[in-house]
Every structure is written in structure tokens, then in C-alpha cells.
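*Asks:* Going line by line, the protein sequences match chains A and B. When we follow the numbering used here, the leftmost residue of the first sequence carries the number 1, and every step to the right adds one. When we follow the numbering used here, the leftmost residue of the second sequence carries the number 1, and every step to the right adds one.
Since the hints were made in silico from the structure, they are not lab data. Be aware that one or more of the hints could be misleading.
Quick look at which bits of chain A chain B covers, simulated, 3 or more residues with Cβ under 8 Å [what the hints assert, rightly or not]:
#, region
1, 34-44
2, 47-56
3, 99-112
Here are the simulated DSS-like cross-link-like pairs (lysine-lysine), alpha carbons at most 27 Å apart as the crow flies [claimed, not checked]:
#, chain 1, residue 1, chain 2, residue 2
4, A, Lys22, A, Lys9
5, B, Lys98, B, Lys57
6, A, Lys22, A, Lys41
7, A, Lys40, A, Lys71
8, A, Lys22, A, Lys71
9, A, Lys41, B, Lys68
10, A, Lys9, A, Lys41
11, B, Lys57, B, Lys68
12, A, Lys71, A, Lys19
13, A, Lys22, A, Lys40
14, B, Lys81, A, Lys19
15, A, Lys36, B, Lys98
16, A, Lys44, B, Lys68
17, A, Lys22, A, Lys44
18, A, Lys52, A, Lys40
19, A, Lys19, A, Lys40
20, A, Lys41, B, Lys76
21, A, Lys19, A, Lys52
22, B, Lys98, A, Lys67
23, A, Lys36, A, Lys71
24, A, Lys52, B, Lys68
25, B, Lys98, A, Lys52
26, B, Lys68, B, Lys81
27, A, Lys22, B, Lys81
28, A, Lys9, B, Lys81
29, A, Lys40, B, Lys98
30, B, Lys98, A, Lys71
31, A, Lys19, A, Lys36
32, A, Lys9, A, Lys36
33, A, Lys19, A, Lys67
34, A, Lys9, B, Lys76
35, B, Lys81, A, Lys52
36, A, Lys9, A, Lys40
37, A, Lys22, B, Lys68
38, A, Lys19, A, Lys44
39, B, Lys98, A, Lys41
40, A, Lys52, A, Lys9
Think of the CB as a built atom: it goes at the ideal place given N, C-alpha and C, for glycine as much as any other residue.
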Amino acid sequence: DTAVSQTPKYLVTQMGNDKSIKCEQNLGHDTMYWYKQDSKKFLKIMFSYNNKELIINETVPNRFSPKSPDKAHLNLHINSLELGDSAVYFCASSQGTWETQYFGPGTRLLVL
Amino acid sequence: GQNIDQPTEMTATEGAIVQINCTYQTSGFNGLFWYQQHAGEAPTFLSYNVLDGLEEKGRFSSFLSRSKGYSYLLLKELQMKDSASYLCAVRPSGGYNKLIFGAGTRLAVHP
């Protein structure tokens with residue numbers, strides 16, 4: 001299947017831990033994104049990479065660090081997790097920096 | 001600031017027509033997107049408008065008026081599977097593909 005995939009689907013962890021979420025797309029797209037959807041359902045962009053280069057970096061705590069090893073992968077590492085980090089994190093991709101974005105299934109993060 | 005407003009909830013009857021409105025105030029405008037999101041799932045792309053007017057795609061149509069900062073999504077011949085949240089997103093000027101999303105409109109379709 002051609003798609004955007006994320007792992008894990010669910011992540012339950014304790015405050016203070018460090019965790020990573022992985023995203024892969026096999027659509028041949030050049031641009032990838034990380035979004036956070038909080039309990040009020042607002043989707044907010046966090047980061048975007050185009051061909052492994054960071055092009056969007058919103059006001060996000062520096063505990064969040066994205067990494068793009070190649071243009072098909074974009075991972076998100078979170079240090080020192082806090083309760084407020086609990087949310088659904090969506091990865092997305094687009095053909096270029098102007099095209100329609102297609103979303104992955106989401107990673108539901110719960111910090112206890 | 002950037003602001004996208006949509007009604008929080010709407011209900012409609014199977015087979016009917018429903019219009020979901022979206023108003024926006026953003027720093028410039030470079031396109032408006034509608035996405036559908038079923039509970040617990042990913043947003044899926046429905047439509048894109050960048051010029052004024054109506055874009056039709058099967059049972060779904062989307063309208064844009066840039067001068068009024070206004071869009072609507074029209075769903076015809078409603079089906080039970082159309083029960084979902086509908087997200088309006090605007091791409092402001094000068095920032096790659098950064099989308100500003102509204103909170104979404106939760107639509108419940110009843111028999």
C-alpha cells in the first residue's frame with residue numbers, strides 16, 4: 001500500500017522519559033511534516049522538512065527534536081516528557097512544498 | 001494573528017444536504033483546504049480552493065470568497081458514513097506549506 005505510516009500507534013509512558021515516534025512515506029514525496037492534535041482537536045504544525053532540510057520550525061519546546069535521515073523518513077524525538085505532551089501526533093507528506101498534504105494514522109501519546 | 005472559525009457541531013438527516021461554513025482571518029492567503037477526519041483516524045483530503053468560486057467533486061463541493069474570508073463545504077445526499085469532523089485549513093502567505101487549521105466541525109448524520 002502507498003501511504004504514510006507511523007510507529008507506534010499508541011505510546012504510554014511516564015513523565016520525564018524520552019521517546020521517539022517514527023514516520024515513513026512511500027509516496028515519493030519530498031516534504032514531510034509533524035503536527036500535534038490536542039484534546040480540543042486543533043491540529044497545529046510543529047515541523048516540516050523538504051529533502052531532509054528543516055523548512056518550518058514552529059514555536060515548539062526544544063525538548064522536541066525532529067530528524068530526517070532521508071526524504072522518506074521523518075522521526076520525532078521527545079526528551080523529558082511532560083503531562084502536556086499528551087496528544088495525538090500526526091505525520092504528513094506532500095509532493096513539494098506547495099502540494100496537498102496527506103496524513104499518517106497518528107500516534108496517540110499518553111504521558112502519566 | 002491567525003484565526004479560523006467553524007461551528008463546533010452540526011446534525012443532519014441521511015439523504016439531506018448540509019453546508020459547513022468556515023471564516024478566516026490570516027496573514028495573507030494562499031489557499032484553503034477541507035479535510036475529513038473520522039474519530040480516531042487521520043485527516044483525509046477533500047478539496048482545495050485558491051480562486052473564488054465553487055469546486056465540485058462528486059457529492060462534495062467547496063466554495064471560496066477571498067474578499068469575505070469565507071468558505072463553505074457542501075455535502076449532498078448525506079450518508080451515515082459522512083458522520084465525521086470536517087476541518088477547514090488555510091495556507092497563509094509567505095511560509096511554505098504551513099497550514100492553519102480550525103478546530104473542526106463535528107457532523108452527526110441521523111437516519
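*Asks:* Look at each hint and say if it fits the structure.
*Replies:* Hint check results:
no., hint, in the structure
1, 34-44, "holds (count 5)"
2, 47-56, "holds (count 4)"
3, 99-112, "holds (count 8)"
4, Lys22/A x Lys9/A, "10 Å, holds"
5, Lys98/B x Lys57/B, "24 Å, holds"
6, Lys22/A x Lys41/A, "22 Å, holds"
7, Lys40/A x Lys71/A, "31 Å, violated"
8, Lys22/A x Lys71/A, "13 Å, holds"
9, Lys41/A x Lys68/B, "26 Å, holds"
10, Lys9/A x Lys41/A, "18 Å, holds"
11, Lys57/B x Lys68/B, "23 Å, holds"
12, Lys71/A x Lys19/A, "22 Å, holds"
13, Lys22/A x Lys40/A, "24 Å, holds"
14, Lys81/B x Lys19/A, "35 Å, violated"
15, Lys36/A x Lys98/B, "13 Å, holds"
16, Lys44/A x Lys68/B, "24 Å, holds"
17, Lys22/A x Lys44/A, "18 Å, holds"
18, Lys52/A x Lys40/A, "31 Å, violated"
19, Lys19/A x Lys40/A, "23 Å, holds"
20, Lys41/A x Lys76/B, "25 Å, holds"
21, Lys19/A x Lys52/A, "21 Å, holds"
22, Lys98/B x Lys67/A, "18 Å, holds"
23, Lys36/A x Lys71/A, "21 Å, holds"
24, Lys52/A x Lys68/B, "38 Å, violated"
25, Lys98/B x Lys52/A, "17 Å, holds"
26, Lys68/B x Lys81/B, "31 Å, violated"
27, Lys22/A x Lys81/B, "30 Å, violated"
28, Lys9/A x Lys81/B, "23 Å, holds"
29, Lys40/A x Lys98/B, "20 Å, holds"
30, Lys98/B x Lys71/A, "18 Å, holds"
31, Lys19/A x Lys36/A, "15 Å, holds"
32, Lys9/A x Lys36/A, "14 Å, holds"
33, Lys19/A x Lys67/A, "13 Å, holds"
34, Lys9/A x Lys76/B, "33 Å, violated"
35, Lys81/B x Lys52/A, "38 Å, violated"
36, Lys9/A x Lys40/A, "20 Å, holds"
37, Lys22/A x Lys68/B, "40 Å, violated"
38, Lys19/A x Lys44/A, "20 Å, holds"
39, Lys98/B x Lys41/A, "18 Å, holds"
40, Lys52/A x Lys9/A, "24 Å, holds"
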